[in-house]
Structures are given as C-alpha cells and as structure tokens.
Amino acid sequence: MQTIDLALAAAPTHQAMPLRRVLGAYLAEARSECLRYLRAPSFLLPVVLFPTMFYLLFGIVMNHAADPHALTYLLASYGVFGVMSPGLFGFGVSLAMERDNGLLTLKRALPMPPGAYLLGKMLMAMVAAGVVILLLLAMAFGLGHVQLTAGQAGLLLLTGMLGVLPFCAMGMFVGTLVKGQGAPGVLNLIYLPMSFMSGLWIPLSMLPSALQHLSPVWPSTHLHQIALHAVGLGQGSAWPHVLVLLVFGVGFSLLAARRLRRIG
Amino acid sequence: MEHAVAEVASLAGAVKRYGDLTALDGLDLMLHRGELLALLGPNGAGKSTAISLLLGLVRADGGRVQLFGKDPQDIDARRRVGVMLQSAVLPATLSVAELLRLTMSYYPAPRTLDETAELAGIGDLLSRRYAGLSGGQQRRVQFAMALCGRPELLFLDEPTVGMDIEARQKLWAAIRRLVAEGCAIVLTTHYLEEAEALAQRVVVLAKGRVLSDGSVQALRARVARARIRCLSDLDAQAIAQWSHVTSATREGTRLAIQTDAAEHVVRRLLDADPALSELEVLRAGLAEAFTELTRETSTEQEAA
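Chain order of the listed sequences is H and V. Position 219 of the first sequence, counted from 1, bears residue number 219 in our numbering, the numbering being contiguous throughout. Position 207 of the second sequence, counted from 1, bears residue number 207 in our numbering, the numbering being contiguous throughout.
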C-alpha cells in the first residue's frame, strides 16, 4: 500500500484524500493534543494537585466527624472541582494562547480536517478529567475506605469525563474573548468563585441564602448534583441537571463558534 | 473547472480593507507551476495579506481569489499546499518526528518521514523535543512541516530569519530541489540576495498594489542606484552638479555620492583626483530600492 502511494505521488498528479486518511488525521490530532498536554507539568500538575490535595486535607486528614457519607460527598464535590479545570484551562488558556502565538493561524492554513483542532482538545480535556477522577477514587478507596460499588465508581468516572465538556465550551468561549497571557487570570476569576458558590468547597446548605438561590445559575452546581447521584447521594432525578448542562454546553459552543468564525 | 494552464493560484483585483486601512487595493497576481516567485515590499505593503487571502485565512472584500481553481477555503485545494508562516509557536513538548507525523496526516500522499527529514536537513533532530531546539533549528523543522505533504504550491514567509549562513544555504539548496520537481513557491523575504539567488520572478508590492513584476535583472535595472564613498578632497558641491549624480555630500574626510551610473562617476572621480583612496562602491540595498520604487510611484501619482 505504501509503495503504491509513493509511486502515484511521484507524478505531479493530484489525488483525493481517502476517508481512511481523513480519520487518521483526526486521530493524529487528538493523539498530539493529549501527548502534548500530558507531558507539560505546568498544565497537568495544577489540574491534578489541587483537587487531590484538597480531598486529602479536608476530606481524609481532617475528617474527625467520622461521618461515613462525608468522604463520599466530598469525593463528588472535589471530583467536580477537579473536572472543571481541564475544561476551563485546557481549552480556554490553550485557545487564547494559540490565537496569540500563531499556531491557530498555521493550523487553519494547513489542510487539517474541520473541527479536528477542537475535537483534539476536547478529548485531551476528557482524558485529563478521567485522570483526576481516577486519582480521587484511588485515594477514596485506599486511604478513606469509602464504600462504593464498581458501578458507582464507573458512573462517577463517566460523569467526570462527559461533565468536562460544558466547561470546555465555556473555556472555549473565554478563549475567544481574551487573547494570550490574560486568559489564566480571567479563567481563575470564573473558576474559583464559581466553585465556591456552587457548594463544592462548603456544602450549599451552609452558604448564605442569597448564594443558595443563585446557585442554579452555575453549571458546576448541576454537575455536582449529577456526581452526587453517581455515588448514591443524589436527591430527585439527575436528568434535569443533565439537560441544563447540555444547554450550557451547546449555548457556549455556539457563541464561541460564532466568535471564532468572525475573528479567527 | 480547473484551468488547464499552468496557473496554480491567482488574485484578480483583490481588495482587502482593515477598517480605514486598505491593505490590498486591487491586486492582480498569478502563480505558475514550477516557478519560484519572490514577493517583496516594505512592511505594510500587503505581502502577508496577499498570502493570507491565498491560504483562505481571510476573505477578500472584493475581487477573486483562486487556489487550484477553487476557493482557498476548500480543504481539497489546501491539501495541495504547504505553508511556513513567519511566526508560529509550535507545541513545545512534542518531538520533531511527532510534529512531522501530525502534519503528514493532513495530506493525501505525504513524503515519508525519512525523505522529509533528508530534504530539510533535520535527520539528526527527529527525536528531539521542539522546545529544546535553537531558533534556526526550529525554522528548519517548520520548513520540513511545509514540504512534508508533497505540496504543489509552497508558501515560505521569511523562511531564513534566524538561520546561520550554512543553514540558509542548505535551505536554498532544498528550495531549488523542490522547484526542480515542479513545485511552485511563493517566497517573501527581506534579503535581496535571497530573492536574487532563488527567484525566477520578483513581484514588488507597495500600498497593496503591484509595483513591479519581472525577473531579478529587471528589478535591479529599475533601481540601478549605487553609493560611492572615498577619501578625497574634491568639492562635494561641484560633484553634485555632475551628470548621473543624484547627490554628493561630505562626511568629514570622506565623500559620499549617490549615482545611477557608478562606473561613469568613478572614472571621472579618479581622473579628477589621482590621490583618491579607499574607494567603495555599494549597490543600493533592498531598503533603498524600495524607497526609490515607492517614491517613484507617489510622485507619478501626484503628477497624474
């Protein structure tokens, strides 16, 4: 196959791109995105360290109440906290940087198949989210002796890997608004207050009532509810929350796509 | 609907405005198969905009842009094109081989990794991380990425900036090989000697229009201006009156003369002052050539 390709290509005739190679290009792009970020400690360390450190400190070490549910509850909370950052930062910061440093322009000039760039980043964020959840699960089982079924653990992993997507969309939108070095600051201004106000650090019931009423506005509140369902602590149905996140994700994607088309 | 002629890409009456600024003002440009075209011009002349239009990065406000007979935003057209942009920061944590494999995956029938590395002279860099390379090495990797897809048209934007002399000459040799294979190349550069060494055709842009389009010799003939410097006590003001002398000034003990007929003036200088020494004749640099060309057009426009 290889030799035939070469022989044909030696003549200056133009050939169409076979579907197999188009799919290969999507795969290569996704593989490169994953490799490149998982190899970058400046990206991976904060993403992985913050949720695991918080869980270790506030969950496992300082859990004197010996409430059997507390560790499971915090597993869901810090899981959501940890899942948000690869979405917001992996997507938003890298897009903002690459719009600034010429890489996005080069990618647009190259015959990269449509959407491969964004799909690659999505997949990378999903992998990073998966890593965070797996680490938290390992700590919960190994150090916290949390009682979870394999099904519940799997469901939490799935929640994390899919739940990163609305935050990718949000990060992408911010990445189209801010250029270059300003993006991490702006994203932290969203990430940290949103985590607090959606009850990821302190349970919602302990927050002022004004913040409690405001909480349905934040996508993280809804992902938190879904994650609690996954570990068996949910109340009511999880589906309305899934729907809200879907709307969030699609909405921000459309906004970002419109801005990307306009400004490039 | 593709043209049977050897035209690979064209701009016809292309207009591009950025707010109040008109970057391209009805530009006509045609690229031919197997031809190396050097696109020259001062900063802001419209070179980058012209290339951006041909690559489908921006849309023209007017006129027609074609790449292999198609819209440049058509991915099938861009699969026949290779690109090396002036500034692009590539993923630092990927190895050179990984970057090349990724770029190769975008093309229907790319070169092999070995062939690409050999052509671009980066065989020794394949396993290195991109971030660990010197500026010149990074440019060579970007050049390899541009040619790895076996393009029929190659855009090279300031390819040799940051390269040492040896690397630059290797790159020139590779460019010549590609042209010999029938690849069309658009080269933008600030180095006149680079255009001289490589280009069959030179197009000079200014203010978004074509100022001159022809061979390297034709361009040089248009800016046949030279600077003469020497140690002499001849009167500068008197020399300024000589024929073919544009200006003559005294800089301390030295005379500085601008002329469009250096041989003629040098002969007369030597006759007039047998004690003349440290004679230097410099052909106009690219910057002077551009100043000259652009000045000509603006006066023409005023006269019209």
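The hints are simulated quantities; they were obtained by calculation from the structure and are not laboratory data. Being a predicted model, the structure only gives us computed values, none of them experimental. Honestly, I wouldn't trust all of these hints.
Taking beta-carbon pairs under 10 Å as the criterion, some of the chain H residues facing chain V (in silico) [stated by the list, open to error]:
#1 Ala28
#2 Asn101
#3 Leu233
#4 Gly234
Here are some chain V residues the structure puts well away from chain H; computed CB gaps all over 12 Å [said to hold, decoys possible]:
#5 Asp25
#6 Asp74
#7 Asp76
#8 Arg78
#9 Glu98
#10 Pro108
#11 Ala109
#12 Glu118
#13 Gly123
#14 Arg129
#15 Glu166
#16 Gln200
#17 Arg225
#18 Leu234
#19 Ala236
#20 Ala240
Every residue, glycine too, gets a C-beta built ideally from N, C-alpha and C.
Hints, one by one, checked against the model:
1. About 4 Å separates the beta-carbon of Ala28/H from the nearest beta-carbon of chain V, less than 10 Å, and the hint is met.
2. The beta carbon of Asn101/H comes within 4 Å of a beta carbon in chain V, closer than 10 Å, and the hint placing it at the interface holds.
3. Below 10 Å, beta-carbon pairs count as interface contacts, and Leu233/H has none with chain V, the closest being about 39 Å; its hint is therefore violated.
4. Contact between Gly234/H and chain V, as hinted, is not supported at the beta carbon level, the nearest pair being about 39 Å apart and thus beyond 10 Å.
5. With a least CB separation of 22 Å from chain H, Asp25/V remains clear of the 12 Å interface cut-off, as annotated.
6. With a least beta-carbon separation of about 10 Å from chain H, Asp74/V fails to lie farther than 12 Å from that chain, contradicting its non-interface assignment.
7. Listed as outside the interface, Asp76/V is inconsistent with that label: its C-beta sits roughly 7 Å from the nearest C-beta of chain H, within the 12 Å cut-off.
8. Not every CB of chain H lies more than 12 Å from the CB of Arg78/V, the least distance being 4 Å, so the non-interface label is violated.
9. Glu98/V, annotated as away from the interface, has a beta carbon of chain H within 12 Å; the closest lies near 6 Å.
10. Listed as a non-interface residue, Pro108/V fails to keep its Cβ farther than 12 Å from every Cβ of chain H; the least gap is roughly 4 Å.
11. Not every beta carbon of chain H lies more than 12 Å from that of Ala109/V, the smallest distance being close to 4 Å; the non-interface claim is violated.
12. The beta carbon of Glu118/V is kept farther than 12 Å from every beta carbon of chain H, the shortest such distance being approximately 14 Å.
13. Non-interface status of Gly123/V relative to chain H is upheld: no Cβ of that chain comes within 12 Å, the nearest being about 19 Å off.
14. A beta-carbon of chain H is positioned within 12 Å of the beta-carbon of Arg129/V; the least distance is around 9 Å.
15. Here Glu166/V stays apart from chain H, with its beta-carbon at least about 26 Å from theirs, past the 12 Å limit.
16. Remark: the non-interface label on Gln200/V is consistent with the geometry, its nearest Cβ contact in chain H lying 18 Å away (cut-off 12 Å).
17. At roughly 36 Å, the least C-beta separation between Arg225/V and chain H is larger than 12 Å, which holds for a residue marked as non-interface.
18. No Cβ of chain H comes within 12 Å of the Cβ of Leu234/V; the nearest lies about 53 Å off, and the non-interface call holds.
19. Under the 12 Å C-beta cut-off, the non-interface status given to Ala236/V relative to chain H holds; the minimum distance is some 49 Å.
20. Here Ala240/V stays apart from chain H, with its beta-carbon at least about 48 Å from theirs, past the 12 Å limit.
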